[in-house]
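In order, the protein sequences belong to chains G and H. Residue numbers for the first sequence follow the numbering used here, beginning at 1 and rising by one. Residue numbers for the second sequence follow the numbering used here, beginning at 1001 and rising by one.
You may find that some hints are simply not true.
Residues from chain H that keep clear of chain G, each with C-beta distances beyond 10 Å, as calculated [what the hints assert, rightly or not]:
1) 1007
2) 1010
3) 1014
4) 1015
5) 1017
6) 1036
7) 1073
8) 1074
9) 1087
10) 1091
11) 1092
Which stretches of chain G does chain H cover? Using the computed rule of at least three CB atoms under 8 Å from a CB of chain H, they are [said to hold, decoys possible]:
12) 23 to 31
13) 46 to 53
14) 77 to 86
15) 89 to 98
Here are the simulated distance ranges between beta carbons [stated by the list, open to error]:
16) G:29 with H:1005: 50 to 60 Å
17) H:1089 with G:25: 23 to 33 Å
18) H:1108 with G:84: 30 to 40 Å
19) G:25 with H:1006: 41 to 51 Å
20) G:97 with H:1059: 24 to 34 Å
21) H:1056 with G:26: 18 to 28 Å
22) G:36 with H:1061: 13 to 23 Å
23) H:1010 with G:6: 46 to 56 Å
24) H:1005 with G:15: 20 to 30 Å
25) H:1036 with G:85: 43 to 53 Å
26) H:1091 with G:104: 40 to 50 Å
27) G:80 with H:1056: 34 to 44 Å
For the record, the hints were derived by calculation from the structure and aren't laboratory data. Note that the structure is a prediction, hence the values are computed from the model and not measured. We put the beta carbon where it would ideally sit given N, CA and C, even for glycine.
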Amino acid sequence: MSFRRYLIQRITAVLMAPLIVAHLALILWTSGQGLTAADILSRTRGSLGWGLFYGGFVALAAVHGAIGVRGVAREWSGLRDAALDALMWGFGAVLLGLGLRAVWAVIA
Amino acid sequence: MTAKPRSTAHRRDGLWLAALVHRLSGLALALFLPLHFLALGLAIEGEARLDGFLRWADRTPVKLAEAGLVFLLAVHLLGGVRVLVIEARPWQDGQRRLAGIALAVAALVAGLFLLEAM
Chain G
1 MSFRRYLIQR
11 ITAVLMAPLI
21 VAHLALILWT
31 SGQGLTAADI
41 LSRTRGSLGW
51 GLFYGGFVAL
61 AAVHGAIGVR
71 GVAREWSGLR
81 DAALDALMWG
91 FGAVLLGLGL
101 RAVWAVIA
Chain H
1001 MTAKPRSTAH
1011 RRDGLWLAAL
1021 VHRLSGLALA
1031 LFLPLHFLAL
1041 GLAIEGEARL
1051 DGFLRWADRT
1061 PVKLAEAGLV
1071 FLLAVHLLGG
1081 VRVLVIEARP
1091 WQDGQRRLAG
1101 IALAVAALVA
1111 GLFLLEAM
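Bound conformation, chain G alone (with noise of 0.2 Å):
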């Protein structure tokens, strides 16, 4: 790994670390309660603060996932670095295009 990707991927790692924690209390919270569309979105819709908060956990998954995602298939799939740069943006693209539309989904 080169020493941006892996600076990078601990960064990330580390600035995700409390939204995980705060998304894990949030399912153990809300597990038990039966939630329906209209629970969620009642918290989500028209917050900024939510969107900040998705929206910044998203971009931070999708880097943090892609550089993740290279590294292991560096190691166990023989490809080479075109392909695995290819590998790492696309996957990285997908993650944050489908995250930031599901973001978009329950804040607007």
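Knowing the structure of chain G, use the given hints to seat chain H on it.
Here is chain H on its own, set in the frame of chain G:
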């Protein structure tokens, strides 16, 4: 002359297994994320569409799968924090114990989720 067989003894080491768990949990989470985003994206098509999915998901096999995902997220988080601390701080003994604690706490969190959800 035949090639010397590679030793796989290290694969029985707790810290090698911890690294494998971290890698596999990360990979599984990365593969799950697009599905998670597609499910939430159903809200674009209206509240009823998302509600339909949530009703479909309110069944035992899905809850068990969700508990597995909660375990993966928790174990990846805790394993990642352990790695970050190893890299940023002087080496501390007892890493196998810490990896074991991470596994146990993640299982506990997943168990709590399952108790709440079922």
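Evaluation of the provided hints:
1. 1007: 18 Å, holds
2. 1010: 15 Å, holds
3. 1014: It holds; residue 1014 of chain H is separated from chain G by about 21 Å at its closest Cβ, greater than 10 Å.
4. 1015: At roughly 17 Å from the nearest Cβ of chain G, residue 1015 of chain H sits farther out than 10 Å, so the non-interface label holds.
5. 1017: Given a closest Cβ separation of 16 Å, the condition holds.
6. 1036: Residue 1036 of chain H not clear of chain G: closest Cβ-Cβ about 8 Å, inside 10 Å.
7. 1073: It is violated; residue 1073 of chain H is separated from chain G by about 6 Å at its closest Cβ, not greater than 10 Å.
8. 1074: 6 Å, violated
9. 1087: 7 Å, violated
10. 1091: 17 Å, holds
11. 1092: 18 Å, holds
12. 23 to 31: Check passed, 5 qualifying residues.
13. 46 to 53: violated (count 0)
14. 77 to 86: violated (count 0)
15. 89 to 98: As far as the region 89 to 98 of chain G goes, the hint holds, because 4 residues have Cβ atoms under 8 Å from chain H.
16. G:29 with H:1005: 50 to 60 Å: 52 Å, holds
17. H:1089 with G:25: 23 to 33 Å: 26 Å, holds
18. H:1108 with G:84: 30 to 40 Å: Cβ of residue 1108 of chain H to Cβ of residue 84 of chain G: about 37 Å, so the range 30 to 40 Å holds.
19. G:25 with H:1006: 41 to 51 Å: Holds, at about 44 Å.
20. G:97 with H:1059: 24 to 34 Å: 30 Å, holds
21. H:1056 with G:26: 18 to 28 Å: Given about 21 Å between the Cβ atoms, the range holds.
22. G:36 with H:1061: 13 to 23 Å: 20 Å, holds
23. H:1010 with G:6: 46 to 56 Å: Violated, at about 23 Å.
24. H:1005 with G:15: 20 to 30 Å: 44 Å Cβ-Cβ, so the 20 to 30 Å window is violated.
25. H:1036 with G:85: 43 to 53 Å: Between residue 1036 of chain H and residue 85 of chain G, where Cβ atoms are some 25 Å apart, the hint is violated.
26. H:1091 with G:104: 40 to 50 Å: 45 Å, holds
27. G:80 with H:1056: 34 to 44 Å: For residue 80 of chain G and residue 1056 of chain H the Cβ distance comes to about 42 Å; the hint holds.
Of the numbered hints stated above, those contradicted by the structure are hints 6, 7, 8, 9, 13, 14, 23, 24 and 25, listed in ascending order.
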